[in-house]
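S.K.: So you can see what is in the structure, the chains are spelled out below.
Protein chains: 2
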Amino acid sequence: MTLDDLRQDIDRVDEVLVRLLNERARCVCEIGRLKKEQGIEIYQPDREKEVLRHVRAVGGEGPLGPDAIGRLFERIIDEARRLERRVVHEQG
Amino acid sequence: MTLDDLRQDIDRVDEVLVRLLNERARCVCEIGRLKKEQGIEIYQPDREKEVLRHVRAVGGEGPLGPDAIGRLFERIIDEARRLERRVVHEQG
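Residue numbers (our numbering), protein chains in the order written: chain X, 1 to 92; chain A, 1 to 92.
Wrong hints could be hidden among the right ones.
Each pair may be met inside one copy or between any two copies, as identical chains are not told apart.
Taking lysine to any residue pairs in the SDA-like style, the calculated list, with each CA pair at most 20 Å apart, reads [unchecked claim]:
no., residue 1, residue 2
1, 36, 48
2, 35, 54
3, 49, 65
If you're looking for bench data, these hints aren't it; they were derived computationally from the structure. Note that the coordinates shown come from a computational prediction; the quantities given were computed from them, not determined experimentally.
Next comes chain X alone, as it looks inside the complex (with noise of 0.2 Å):
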């Protein structure tokens, strides 16, 4: 494989994994309207910790390992925590 073929595969990858992130975000949208329909706190850190082991031990054995996973997942997880309160302020 060149290069050039790399690279498009990346661009194909990248494609499904912001498609996947868009669909991870809608879920997290409906779990702060539900949070906030049972009056459930929004901030749930053991909820936290869990998604984190959680993509820890299934991607532990990639090529990134599970620090690389954990880093990139706690960000994923600080979007997902902004877009939540974003969307409880909009509704309420």
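Chain A: place on chain X using the hints.
M.R.: Below, chain A alone, put in the same frame as chain X:
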């Protein structure tokens, strides 16, 4: 859908995200090896900008929006760069 259903959906999405992030990382390692072989500079800021432009364009319509997508991919690129350098060092 209940909170638990949505969290299960997120866990499934996260598993695919982890798989794709590792697949992307494999392409990045291969690119690192090719660049080394062909004597090409590892750090290619123009390509990184192109990747960011691409993901912002394809993800702009979703709930995350182009800025959050851009921030997340800055981190993905950052981890990729770290991995690529490690691969090239180990090889050389």
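S.K.: Next step is simple, just say for each hint if it's right about the structure.
M.R.: Against the structure, the hints:
no.	hint	in the structure
1	36 x 48	within (18 Å within a copy, 39 Å between copies)
2	35 x 54	neither (22 Å within a copy, 34 Å between copies)
3	49 x 65	within (18 Å within a copy, 25 Å between copies)
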